[in-house]
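K.L.:
Take a look at the letters that make up each chain.
Protein chains: 2
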Amino acid sequence: MTDHPSNASVASAASADADAFVAACRDAIGAAHVLTDPHDTAPFLTDWRRRYTGAARAVLRPGTTQEVAAIVKLANTHRVALVPQGGNTGLAGGATPDAAGGQAVVNLARLNRTRALDPSNNTITVEAGVVLAEVQNQARAAQRLFPLSLAAEGSCTIGGNLSTNAGGTAVLRYGNTRELCLGLEVVTPQGEIWDGLRALRKDNTGYDLRDLYIGAEGTLGIITAAVMKLYPLPAANVTALAALPSPHAALDFLALAHRCAGPLLTGFELMSDFCLRLVGKHFPQLRYPFAEPHAQIVLLELSDNESEAHARTLFEQMMEQALESGLVEDAVVAENLAQSRAFWDLREHIPLAQAEEGLNVKHDIGVPISRIGTFIEETDAAIAQAVPGARMVTFGHLGDGNLHYNVQAPEGVDAPAFLAQYQAPLNRIVYDSVHRHHGTFSAEHGLGQLKVDEATHYKAGVEIALMRTLKTAFDPLGLMNPGKVLR
Amino acid sequence: MTDHPSNASVASAASADADAFVAACRDAIGAAHVLTDPHDTAPFLTDWRRRYTGAARAVLRPGTTQEVAAIVKLANTHRVALVPQGGNTGLAGGATPDAAGGQAVVNLARLNRTRALDPSNNTITVEAGVVLAEVQNQARAAQRLFPLSLAAEGSCTIGGNLSTNAGGTAVLRYGNTRELCLGLEVVTPQGEIWDGLRALRKDNTGYDLRDLYIGAEGTLGIITAAVMKLYPLPAANVTALAALPSPHAALDFLALAHRCAGPLLTGFELMSDFCLRLVGKHFPQLRYPFAEPHAQIVLLELSDNESEAHARTLFEQMMEQALESGLVEDAVVAENLAQSRAFWDLREHIPLAQAEEGLNVKHDIGVPISRIGTFIEETDAAIAQAVPGARMVTFGHLGDGNLHYNVQAPEGVDAPAFLAQYQAPLNRIVYDSVHRHHGTFSAEHGLGQLKVDEATHYKAGVEIALMRTLKTAFDPLGLMNPGKVLR
Numbered sequence: 001m002t003d004h005p006s007n008a009s010v011a012s013a014a015s016a017d018a019d020a021f022v023a024a025c026r027d028a029i030g031a032a033h034v035l036t037d038p039h040d041t042a043p044f045l046t047d048w049r050r051r052y053t054g055a056a057r058a059v060l061r062p063g064t065t066q067e068v069a070a071i072v073k074l075a076n077t078h079r080v081a082l083v084p085q086g087g088n089t090g091l092a093g094g095a096t097p098d099a100a101g102g103q104a105v106v107n108l109a110r111l112n113r114t115r116a117l118d119p120s121n122n123t124i125t126v127e128a129g130v131v132l133a134e135v136q137n138q139a140r141a142a143q144r145l146f147p148l149s150l151a152a153e154g155s156c157t158i159g160g161n162l163s164t165n166a167g168g169t170a171v172l173r174y175g176n177t178r179e180l181c182l183g184l185e186v187v188t189p190q191g192e193i194w195d196g197l198r199a200l201r202k203d204n205t206g207y208d209l210r211d212l213y214i215g216a217e218g219t220l221g222i223i224t225a226a227v228m229k230l231y232p233l234p235a236a237n238v239t240a241l242a243a244l245p246s247p248h249a250a251l252d253f254l255a256l257a258h259r260c261a262g263p264l265l266t267g268f269e270l271m272s273d274f275c276l277r278l279v280g281k282h283f284p285q286l287r288y289p290f291a292e293p294h295a296q297i298v299l300l301e302l303s304d305n306e307s308e309a310h311a312r313t314l315f316e317q318m319m320e321q322a323l324e325s326g327l328v329e330d331a332v333v334a335e336n337l338a339q340s341r342a343f344w345d346l347r348e349h350i351p352l353a354q355a356e357e358g359l360n361v362k363h364d365i366g367v368p369i370s371r372i373g374t375f376i377e378e379t380d381a382a383i384a385q386a387v388p389g390a391r392m393v394t395f396g397h398l399g400d401g402n403l404h405y406n407v408q409a410p411e412g413v414d415a416p417a418f419l420a421q422y423q424a425p426l427n428r429i430v431y432d433s434v435h436r437h438h439g440t441f442s443a444e445h446g447l448g449q450l451k452v453d454e455a456t457h458y459k460a461g462v463e464i465a466l467m468r469t470l471k472t473a474f475d476p477l478g479l480m481n482p483g484k485v486l487r
Numbered sequence: 001m002t003d004h005p006s007n008a009s010v011a012s013a014a015s016a017d018a019d020a021f022v023a024a025c026r027d028a029i030g031a032a033h034v035l036t037d038p039h040d041t042a043p044f045l046t047d048w049r050r051r052y053t054g055a056a057r058a059v060l061r062p063g064t065t066q067e068v069a070a071i072v073k074l075a076n077t078h079r080v081a082l083v084p085q086g087g088n089t090g091l092a093g094g095a096t097p098d099a100a101g102g103q104a105v106v107n108l109a110r111l112n113r114t115r116a117l118d119p120s121n122n123t124i125t126v127e128a129g130v131v132l133a134e135v136q137n138q139a140r141a142a143q144r145l146f147p148l149s150l151a152a153e154g155s156c157t158i159g160g161n162l163s164t165n166a167g168g169t170a171v172l173r174y175g176n177t178r179e180l181c182l183g184l185e186v187v188t189p190q191g192e193i194w195d196g197l198r199a200l201r202k203d204n205t206g207y208d209l210r211d212l213y214i215g216a217e218g219t220l221g222i223i224t225a226a227v228m229k230l231y232p233l234p235a236a237n238v239t240a241l242a243a244l245p246s247p248h249a250a251l252d253f254l255a256l257a258h259r260c261a262g263p264l265l266t267g268f269e270l271m272s273d274f275c276l277r278l279v280g281k282h283f284p285q286l287r288y289p290f291a292e293p294h295a296q297i298v299l300l301e302l303s304d305n306e307s308e309a310h311a312r313t314l315f316e317q318m319m320e321q322a323l324e325s326g327l328v329e330d331a332v333v334a335e336n337l338a339q340s341r342a343f344w345d346l347r348e349h350i351p352l353a354q355a356e357e358g359l360n361v362k363h364d365i366g367v368p369i370s371r372i373g374t375f376i377e378e379t380d381a382a383i384a385q386a387v388p389g390a391r392m393v394t395f396g397h398l399g400d401g402n403l404h405y406n407v408q409a410p411e412g413v414d415a416p417a418f419l420a421q422y423q424a425p426l427n428r429i430v431y432d433s434v435h436r437h438h439g440t441f442s443a444e445h446g447l448g449q450l451k452v453d454e455a456t457h458y459k460a461g462v463e464i465a466l467m468r469t470l471k472t473a474f475d476p477l478g479l480m481n482p483g484k485v486l487r
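Chains A and B, in that order, give the protein sequences.
Note that the working numbering gives residue 378 to position 378 of the first sequence, counting from 1, and the numbers run on in steps of one.
Note that the working numbering gives residue 245 to position 245 of the second sequence, counting from 1, and the numbers run on in steps of one.
Calculated directly from the structure, the hints in this document are not laboratory data.
Note that the structure is predicted; figures quoted are calculated from it, not measured.
A few of these clues could be false.
Within a straight-line C-alpha distance of at most 27 Å, the following computed DSS-like cross-link-like pairs (lysine-lysine) qualify [stated by the list, open to error]:
id	chain 1	residue 1	chain 2	residue 2
1	A	Lys73	B	Lys281
2	A	Lys459	A	Lys362
3	B	Lys459	B	Lys362
4	B	Lys281	B	Lys362
5	A	Lys459	B	Lys73
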């Protein structure tokens, strides 16, 4: 991490002005936090899935909001484009610089202080670089729940969660990251600091700047801190599995679960029979949970502020109704924490089993919940016609309309060859179908650089024009994460 | 409402171009829907509280989104400023034109169709002019809850609710109007139609235009339709009253109620002893609910998806804990719907009792919940010093930090004289105190024209500059509700 002589030659590859920018950054934030040696910068220049690799004149690691502002002011002076970066766990390439080498990465990991935790107000104020799991842990220590939860929680940061409006497993009850945020601190593209760190549930005093920065993927400014909502810690989380004949039945069962459990329902995950067969094939210790095979399995979770016993009674009443009305074919309520864990293991091993089975085409799509059954039927049929034998791995957050609608190569077919031939046409079939059903081609991962062209393809011209108006007004020099969200 | 000869002379009072604009509007939306006769236009030119009265060259009543777009295009051609208007029940003068007579009011009441109700997706798609109570009724008919509820619900419209981000009594559980909206249709200041009527819980495909228009009070475009969230209809709503020694105790009690009831807690309203004494004075049939006087009374509501019996048991457990720990001095749970109604009557008669007692200085403020006790203590003391004998009428939505912190003239003092002398200095004391506690001077009513100067006074320059950047980028000609939100 130290600044040694070889840096000079790297810097000289860029223009003289690049040198001047990097030198000024060293003055502003300390040489130890300006990385230019390729060994030091490499981990910051490739995305987590290794789909994108870029180059940068420097990786800057500011330690305070004021240092971020100083960097942005220097970027204005020297006309250097900046790529903000959190935990670098995004799935759309939003935090990777382009290949030209002129951009600078601004990694926010050193902004990792918790500024306040207010249990009476149910809020926590954290800097952008605080890791998500750390926010969860601090909340729990104060007998509170921070409900955002996703696979990368051990390394993703709250700034990245906000910039991509991350989703995760509890959206059904608590909403996306957007719904969990009350206030922001942001460094504008001009290097000004906007202190919008409000901790209020109600504030109607002008335009909603907060929500403009959330989900903007660092293209309108750099989020440096946030006030996030906390909730009372539930007394118990209890899970259950239900077996159903079809996605249509799962929709009716979701309505029943909503009616019976109301806001206690915090999870409703759909998994097709084939998903669980795939898990069983590659992880034989994870047993199929029912004696007979069933077309669809739903994992439900209740978060209960009274007691585990109350949650279990509620589940039993709900399942009884569902079995009597013929909606559900079989059901099992977890007896204890270990069994709850085992049910979630089934769900969480689906992507791992997919990886074991070979490369596949992934889609993070969303449609109105009422259309999920029809969407799956129609799109499955279109894919079967286009790619005979393709194996559908359909699972996801049914409760909020977000499906991981993935396609595995036909049995015995070489996966890389399958991908090369079918990835693009499969994407088109799926996204066209999503579009017909008024859905989205990116439910929780964002646009980054991966889906900018899809946005242009599927969004109305007036929407793209409004987005461009915003971008130009906020960032007229185009210094903030260029090429992401918009081109 | 018909177009008769006297209109000609009214129109001629404006410029020749005004005539041309009004004539073109008659062609575009039908002469019957272009009001220029003062008898016809008067009801649209004064706000509900009769604090502001403006003039307009016409009141336009389009019947479709396309007609709204046509009007906006004509306004561009003729450079006429437009004032969008819903039910005209706002409390900040946001829907009243200025006095010059050059603006045109665009009243959206005729856009009153429900375009879709999707129970499986828990969404309703309504046009801007649909009255709030109508949305509630349609939801209920489909066994769903639309939780937005406020005093003006019989005449305010969903377009106005969205444009002002209305709050109301259920924010604690369901959030403001912003949190209840999934998608919008908007006519831009250039007269383009943006179809953002998405019915998705997750959609991460670019900038959040929706939240930009919500709460913008018609200054960035005209909302013409929206997709709103619905919820399962609770099986029972049960209320209770608790007597407490202080606002500080009420805060601890709120934490206890959150812990015990979690998301079932849908109301937590604070009322000082003086509030209830005032109600008893002017409405003697509404009896003080406890045998002994208590400094503070809290009204709680539980919305339960199981049963009334379950809600009552939960209340009893909660009150037992609160009484045992000394937080609460006395408590009573409503035995039936009539008693629940009577409890709410106490709360809802406070503003009416205030009106009976005489003119007073009102504040719609919010602070972080944890600061409410200290805020009340400090501000009460400052007011007592500035205006000896002033009587504080403090009540409101403690559960979301929003207080109606009102000041009644000292006993025997002439109210109009009191207002003339003390309104401005009292506002300054209250808003300065709010500012010190990181609160807001407009929690749920918006800025309109009433609080534009407060915004300039209390907001940081960088925030006002960002708001101005947005306004200029979206509405460079300044045709959309000029003078509101920003000046």
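K.L.:
Measure nothing beyond the straight line between the CA atoms of Lys459(A) and Lys73(B); if it is 27 Å or shorter, mark the hint as holding.
P.N.:
holds (23 Å)
K.L.:
Can you confirm whether the C-alpha distance between Lys459(B) and Lys362(B) stays at or below 27 Å?
P.N.:
holds (21 Å)
K.L.:
What's the verdict on Lys281(B) and Lys362(B), does the C-alpha distance respect the 27 Å limit or exceed it?
P.N.:
holds (20 Å)
K.L.:
Sort out whether Lys281(B) lies within 27 Å of Lys73(A), counting only the CA atoms.
P.N.:
Violated, at roughly 62 Å.
K.L.:
Lys459(A) and Lys362(A) were given as a pair; does the straight-line alpha-carbon distance stay at or below 27 Å?
P.N.:
Between Lys459(A) and Lys362(A) the Cα gap is close to 21 Å, so the pair holds against 27 Å.
Taken one by one, the earlier hints fail for this structure only at number 1.
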